[in-house]
Amino acid sequence: MTLTLSERKSYPIYILLDVSASMRRAGPGGRSPHDGFQQLIPDLIMTLADSRSLAKAAWISVIAFGDHAELLCPMTSLTRPPHVRSPHSGRHTDYAAALGFLADRVGPDRETIEAAGAGQDYRTRVARPLIFFITDGAPYAHGRYQAPEEWRPARDRLVAAPVEARIAAIGLEGAHGGTLRALATGRPGGERNAFLADPGDQAAGDSLAASVITMIERSIRLSVRAGELIIDEPHGMRRVHG
Amino acid sequence: MAESQLILGLFLVMAGVLALAVVALRRRAILSQESQDRQAALLRSVLRRGPGAPTRRGRREKDAGGRRREKDADGRRRETDADGRRRETDAGGQPRTAVAEQPARPAAPGPAVHRLVLDGQEREPRLPAQVVAGSARHGSFFHGWCGTTSGPHPTARLNVRGVTLRGVGHAEQDLEGQDVIGAAWDDRRGVLYVAVADGVGSLPRSGRVAQEAITAVLHLCLTRPDDIAFDATGARLFEAVAAGLVRSLGGDDARIDGASTLIVAEIAPRFDGAYVTVHGVGDSEAWALYAGAWIPLHHERGGGDNATRELPGHVRPHTQRYDLSPGAVLVLGSDGFTGALDESVSPLSRGLARLWRRRPTWLEFLNHVSFVDDYWSDDRSAVAVWIGEGPADA
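Chains Y and R, in that order, are what the protein sequence lines are.
1 is the number of the first residue of the first sequence in the working numbering; add one for each residue after it.
1 is the number of the first residue of the second sequence in the working numbering; add one for each residue after it.
Everything labelled a hint here was simulated from the structure, so no lab data went into it.
Please note that a few of the clues may not be correct.
[Stated by the list, open to error] Below, simulated EDC-like cross-link-like pairs (lysine to aspartate or glutamate); rule was C-alpha separation at most 20 Å, straight line:
1. Lys-56/Y with Glu-172/R
2. Lys-9/Y with Asp-156/Y
3. Lys-9/Y with Asp-119/R
4. Lys-56/Y with Asp-373/R
[Claimed, not checked] Residues of chain R clear of chain Y, computed beta-carbon distances all greater than 10 Å:
5. Leu-203
6. Leu-220
7. Gly-251
8. Ala-259
9. Arg-270
10. His-299
11. Leu-366
12. Phe-371
Being a predicted model, the structure only gives us computed values, none of them experimental.
C-beta atoms are modelled at their ideal positions from N, C-alpha and C, and glycine is treated no differently.
If we strip away everything but chain Y, and leave its shape as in the complex, we get (with noise of 0.2 Å):
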């Protein structure tokens, strides 16, 4: 390749948002998941625009799932505060419905960030789309439970080339860690970017948060190892093992 300009990448984050009726069934401390997981967005985005050098690459969208897919926050820069829309309520918990939504956003957001690096001294090289997929790991819809192979087509779309995105599936205690594997993309064979929060967190939704920022962190700061398709294990959770 030629070196005529200097490259600045931009990356893509997609936070995927589970909220169906059982994310909004109180724990023991009578806070929900969906509460803690509705908390994590506005923290997200204040600590990752908070950082200068992160929020000139980092690009967000919101997508909130349960009946239907439902767009909260178009691929937004951090460089500008990003509104938020609040969801709507679902009681179903579409994963067809929602990676195929996300599926059909990628390459539209891709132009979007292309386009507004456009005309600078330097080129624009948008990154794997990097995909947290929050959820209790139940794929419901239409009266019954969701096979995988319904909404593996979707996923496989993101995850395959050219968008060859890398997926982390995020659960509390108690999620399926089979779909959340299912999920995740990983080391072929190996460990996977599927993790659950560990049993006895009780402040779990804001560890979740936290965590999450620090993956998104480290997967635009740090360099990682030719080939390495991992997510370190965040703090407060563990990784779902085959």
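Starting from the known structure of chain Y, arrange chain R on it as the hints suggest.
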């Protein structure tokens, strides 16, 4: 009648002026084209790939006012004043085209760095025989000159500047910087080795790996058997460094929780210029700067994420050989610095092309490498070698 003669006369005078203007413009256009051709030829001569490329020799001298005069094999003369402006004359002493100065660009905002001089004059020290500097919790730098300036075969003097800085990103997260730089002068062979390693940030012991890699590669370069040329030993050299890393830092399962890029260059100064060989694994880069133009010597750009080749995982370096003319600058750096360079338009490339027309002091160099740009928050390292105009180029 007299009136019509006057009009005719005026018309002839105007036509004459117009013709002269056309001739002058054409001459200027031809000279401008000549200038471009000459600069292109100059650039090609700086970067002749492969060994054995001939170097045209001429004469150089410098006067007390800092003016440098050169005469080439064809009798053309070039005079460069202390501010870097150049004037050329042909063999008959007639002026040739003037080489345009780089367009002036405002320096980065902020106060200029002025040396506090109380008395006397700062002198460039000799480069230490071997130096390794890291950026774990602080910035480090070294500088000095080296070369074979006396004896029967004097060579161009090399002036070295090296700095490594913990990045803003690591500082904000209270993590250690993981860049390490080094240099070693091999007095027996009369060559300089410079190296840069950038620890892979996602692994906790990468700073230590980078430190070990620089120490090991310089040691192996200095102790290499005489019958093995540096440019033929890239794979063996990197295999040995990788094996040493696993031996010294690996646990029972031989896994080390760290990795690092590595780039190392041998600079063999001649009387007139220097011959350079670069071996590299990963996204640390090597560049040359000459006559205001940046030329990439080693890079591995093009990936869509932060993944890089590294040691000990990858032991096959890419190897490049170059012939650098006097006045050229060789720069090795981690991606936190060289990532902001390109061949033409980036603010850093343009700024340094202007600022490094003359060799900066170590303090100026430190200021230049620690440029301010919110985007570039990674650890930042650069080792630069100015190829002197001859043994006496202090």
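Self-check item: Status of the stated non-contact between Leu-366/R and chain Y (beta carbon gap over 10 Å)
Solution: Per Cβ check, Leu-366/R is outside 10 Å of chain Y; nearest 21 Å; holds.
Exercise. Run the C-beta distances from Phe-371/R to all of chain Y and say if the shortest one exceeds 10 Å.
Key: holds (13 Å)
Exercise. Test the statement that Leu-220/R is away from the interface with chain Y: the closest C-beta pair must be farther apart than 10 Å.
Key: Per Cβ check, Leu-220/R is outside 10 Å of chain Y; nearest 23 Å; holds.
Quiz item: For His-299/R, is the shortest beta carbon distance to chain Y beyond 10 Å?
Solution: About 7 Å separates His-299/R from the closest Cβ of chain Y, which leaves it inside 10 Å; violated.
Quiz item: Arg-270/R: least C-beta distance to chain Y exceeds 10 Å?
Solution: Since the minimum Cβ distance to chain Y is about 28 Å, Arg-270/R lies beyond 10 Å and the statement holds.
Quiz item: Taking 20 Å as the top limit, are the C-alpha atoms of Lys-9/Y and Asp-156/Y close enough?
Solution: Not satisfied, since the Cα-Cα distance of roughly 24 Å exceeds 20 Å.
Quiz item: Does the no-contact call for Gly-251/R survive, Cβ to all of chain Y over 10 Å?
Solution: holds (18 Å)
Quiz item: Does the claim that Leu-203/R lies off the interface hold, with its Cβ farther than 10 Å from every Cβ of chain Y?
Solution: Non-interface label fails for Leu-203/R: nearest chain Y Cβ at 8 Å, not farther than 10 Å.
Quiz item: Hey, Lys-9/Y versus Asp-119/R, does the alpha-carbon distance stay inside 20 Å?
Solution: With a Cα-Cα distance of about 48 Å, the restraint between Lys-9/Y and Asp-119/R is violated, given a limit of 20 Å.
Quiz item: Is Lys-56/Y within 20 Å of Asp-373/R, Cα to Cα?
Solution: Holds, at roughly 10 Å.
Self-check item: Minimum Cβ distance from Ala-259/R to chain Y greater than 10 Å, as the annotation requires
Solution: The claim breaks: Ala-259/R does not keep its Cβ more than 10 Å from every Cβ of chain Y (closest is about 6 Å).
Quiz item: Is the Cα-Cα distance between Lys-56/Y and Glu-172/R 20 Å or less?
Solution: holds (15 Å)
Hints 2, 3, 5, 8 and 10 from the list above are not met by this structure, while the remaining hints are.
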